[in-house]
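Participant: Sequence:
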Amino acid sequence: MHPTINHAAQRGMTVIESLGALAIAALLLLGLTRMVDAALDDAEGQQAALQQQQVSEAAKRYLTANYAALTAGTAGGAVATVTVAQLQAGQFLPAGFAATNTYRQGWCVLVRQPAPGRLDALVASHGGRAIPDRDLAAVALLAGQGGGYISAAAPDTARGASWQLATTDYRNVACGGVTVLTGAAGDGGHLVTGLFYDGPGQLSADFLYRAAVPGRPELNQMSVPLHMLAQAVENDAGDPRCTAAANTGKIAVDAGGRVLSCQAGVWRRQGSGYWKDPVAAYADLPATDNNVGDVRLVSGLQRAFAWDGAAWQALAADQDGNLLVPGTLTAGMVKLTQTVTVNTACADNGALARDADGQALSCQSGLWRSARGVRLTNRVYAGGWNLDASMGARSLLIDLAALPGTRPLYLTGYSTCHATGPDRAQVSVDMQDANGVSLAYAGGCLSQLDNSNGTGVQNLGDIGVQKIPENISKLYLLMEPGAAPDDYITFSLFIYSE
Numbered sequence: 001m002h003p004t005i006n007h008a009a010q011r012g013m014t015v016i017e018s019l020g021a022l023a024i025a026a027l028l029l030l031g032l033t034r035m036v037d038a039a040l041d042d043a044e045g046q047q048a049a050l051q052q053q054q055v056s057e058a059a060k061r062y063l064t065a066n067y068a069a070l071t072a073g074t075a076g077g078a079v080a081t082v083t084v085a086q087l088q089a090g091q092f093l094p095a096g097f098a099a100t101n102t103y104r105q106g107w108c109v110l111v112r113q114p115a116p117g118r119l120d121a122l123v124a125s126h127g128g129r130a131i132p133d134r135d136l137a138a139v140a141l142l143a144g145q146g147g148g149y150i151s152a153a154a155p156d157t158a159r160g161a162s163w164q165l166a167t168t169d170y171r172n173v174a175c176g177g178v179t180v181l182t183g184a185a186g187d188g189g190h191l192v193t194g195l196f197y198d199g200p201g202q203l204s205a206d207f208l209y210r211a212a213v214p215g216r217p218e219l220n221q222m223s224v225p226l227h228m229l230a231q232a233v234e235n236d237a238g239d240p241r242c243t244a245a246a247n248t249g250k251i252a253v254d255a256g257g258r259v260l261s262c263q264a265g266v267w268r269r270q271g272s273g274y275w276k277d278p279v280a281a282y283a284d285l286p287a288t289d290n291n292v293g294d295v296r297l298v299s300g301l302q303r304a305f306a307w308d309g310a311a312w313q314a315l316a317a318d319q320d321g322n323l324l325v326p327g328t329l330t331a332g333m334v335k336l337t338q339t340v341t342v343n344t345a346c347a348d349n350g351a352l353a354r355d356a357d358g359q360a361l362s363c364q365s366g367l368w369r370s371a372r373g374v375r376l377t378n379r380v381y382a383g384g385w386n387l388d389a390s391m392g393a394r395s396l397l398i399d400l401a402a403l404p405g406t407r408p409l410y411l412t413g414y415s416t417c418h419a420t421g422p423d424r425a426q427v428s429v430d431m432q433d434a435n436g437v438s439l440a441y442a443g444g445c446l447s448q449l450d451n452s453n454g455t456g457v458q459n460l461g462d463i464g465v466q467k468i469p470e471n472i473s474k475l476y477l478l479m480e481p482g483a484a485p486d487d488y489i490t491f492s493l494f495i496y497s498e
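1 is the number of the first residue of the sequence shown in UniProt numbering; add one for each residue after it.
Quick caveat, the hints were computed from the structure, so don't treat them as lab data.
Bear in mind that the values here come from a model prediction, so they are computed numbers and not experimental data.
Virtual Cβ for every residue (Gly too), placed ideally from N, Cα, C.
Possibly wrong hints are sitting among the right ones.
Taking CB as the label site, the calculated pair distances span [claimed, not checked]:
1) T406 x Q263: 36 to 44 Å
2) D169 x A98: 23 to 31 Å
3) R104 x T248: 20 to 28 Å
4) A21 x A161: 46 to 54 Å
5) T330 x A245: 48 to 56 Å
6) A153 x A245: 52 to 60 Å
7) L208 x A161: 23 to 31 Å
8) A65 x A246: 22 to 30 Å
9) A401 x S492: 16 to 24 Å
10) M333 x H227: 52 to 60 Å
11) Q47 x G186: 34 to 42 Å
12) M228 x Y274: 52 to 60 Å
13) A98 x A184: 21 to 29 Å
14) R303 x D462: 54 to 62 Å
Could you put the whole structure together from the sequences, leaning on the hints where they help?
Facilitator: Listed below in structure tokens is the structure:
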């Protein structure tokens, strides 16, 4: 009888199964690690490409701003260098911009002048950790226009997507104390951007520059007509493309192709557009499609006319209705329409007007005066004196400001002087200013014995009508009748206003 064998139920994993699971997990982990490493490499390359693009754009602006200095510094085949610090100092890069990329490579802009007035530049990274050849092209592709690289397989040549360049002319140049390119193996694994006139990134690409480029005026010139497609409506003050202050200076065209510019929130014709084409005759002035302020020359009359909104008005006066003629004005007849009152104040000496009766008046010394003879009808002062020797001498001061009537004033009079002795008999009228200084002698008489027979001498003195100057404030009268018993004077004085 054979013994009975009891087979228990098998449970759990066998050793072989466990080893298989571990192998699969290891393979998965290895693949995941490679994926993570690749993703990190891609991110590192993307950041390096982004920085390369930023440095290249800054270099373009630097070359434009410093064109004159760079052309002078690269004459004769010399190579100029521009560091990141210089780009930061010129505010072409922000102050906090990293000096190296994710591979710890620094940057330098190498500039040469292959032909007079033409600048070629190579933006090159240097130092740091070399980028593997398998990643170089992908990084350079992300660096934008002109982006390229120097591979370990060809360390003497810079390559881009559509260009390549031997680095010979850029080698052995110190940049910030470091030699950037040597042509040796150490140049491989680095990034470059070409800023060439005949390749990607060229500075003189066929577009219009907004700012001036020293020595390159053609970059701001159009060689074909500029075709404006944006349409606007003249005098439209509600167009949002023009209403904002920042829009001033924008250019558009109207439906008829006439150029409009945005001026103070309103679309206006170019140069305000108010001077229009001339016409041959007055009848040719258009009655429609006019704007207030439009001006046209009638060539047959050689006269300009302005549209006031209803009709064409001759341009013959300024905004105040005044006509300024610097030279001589010749006219068949002048019609004065401004009515003023004689002897009232006026502002402009030499101005002409008329009174209510049509008499021409002119502004003289600040008052409206008649241009013809003076009519004395208003006596404002009268005085008469008869003095002999016993009465003695007399003097009198007449204050003209106290006299009534309008100005100016006029005086006239007559006098008689008779002397029989050695002492003279005299009458005098002196004109004085406000300070009592005698400025003029109006008239009078003087008598003095000229022989010894004692008969005496008599002199008559008439004072003709004369205008009292406006700077005369007082009249000083002096009357001396002499000393002999038969000596005397007589004197009469009259003052008139107009």
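Participant: Would you mind marking each hint as holding or not holding in the structure?
Facilitator: Verification of the supplied hints:
1. The hinted range of 36 to 44 Å is not satisfied by T406 and Q263, whose Cβ atoms lie roughly 54 Å apart.
2. Taking 23 to 31 Å as the suggested C-beta distance range, the pair D169 and A98 conforms, at roughly 29 Å.
3. Checked against the hint of 20 to 28 Å, the pair R104 and T248 fails, with Cβ atoms roughly 49 Å apart.
4. Checking the proposed 46 to 54 Å range against A21 and A161 shows it holds: the Cβ atoms sit about 48 Å from each other.
5. Restraint check, T330 to A245: a C-beta distance of roughly 50 Å satisfies the suggested window 48 to 56 Å.
6. In this structure the supplied range 52 to 60 Å holds for A153 paired with A245, their Cβ-Cβ distance being about 58 Å.
7. For the pair L208 and A161, the beta carbons lie near 26 Å from each other, so the given range of 23 to 31 Å is met.
8. A beta carbon spacing of about 25 Å between A65 and A246 agrees with the range 22 to 30 Å that was offered as a hint.
9. Here the CB-CB span from A401 to S492 is close to 23 Å, well matched to the stated 16 to 24 Å.
10. Roughly 57 Å separates the CB atoms of M333 and H227, a value that falls within the hinted 52 to 60 Å.
11. A hinted range of 34 to 42 Å for the beta carbons of Q47 and G186 is inconsistent with their spacing of about 23 Å.
12. For the hinted restraint 52 to 60 Å between M228 and Y274, the CB-CB distance of approximately 21 Å leaves it violated.
13. Between A98 and A184 the C-beta distance comes to about 27 Å, which sits within the given range of 21 to 29 Å.
14. Checking the proposed 54 to 62 Å range against R303 and D462 shows it holds: the Cβ atoms sit about 59 Å from each other.
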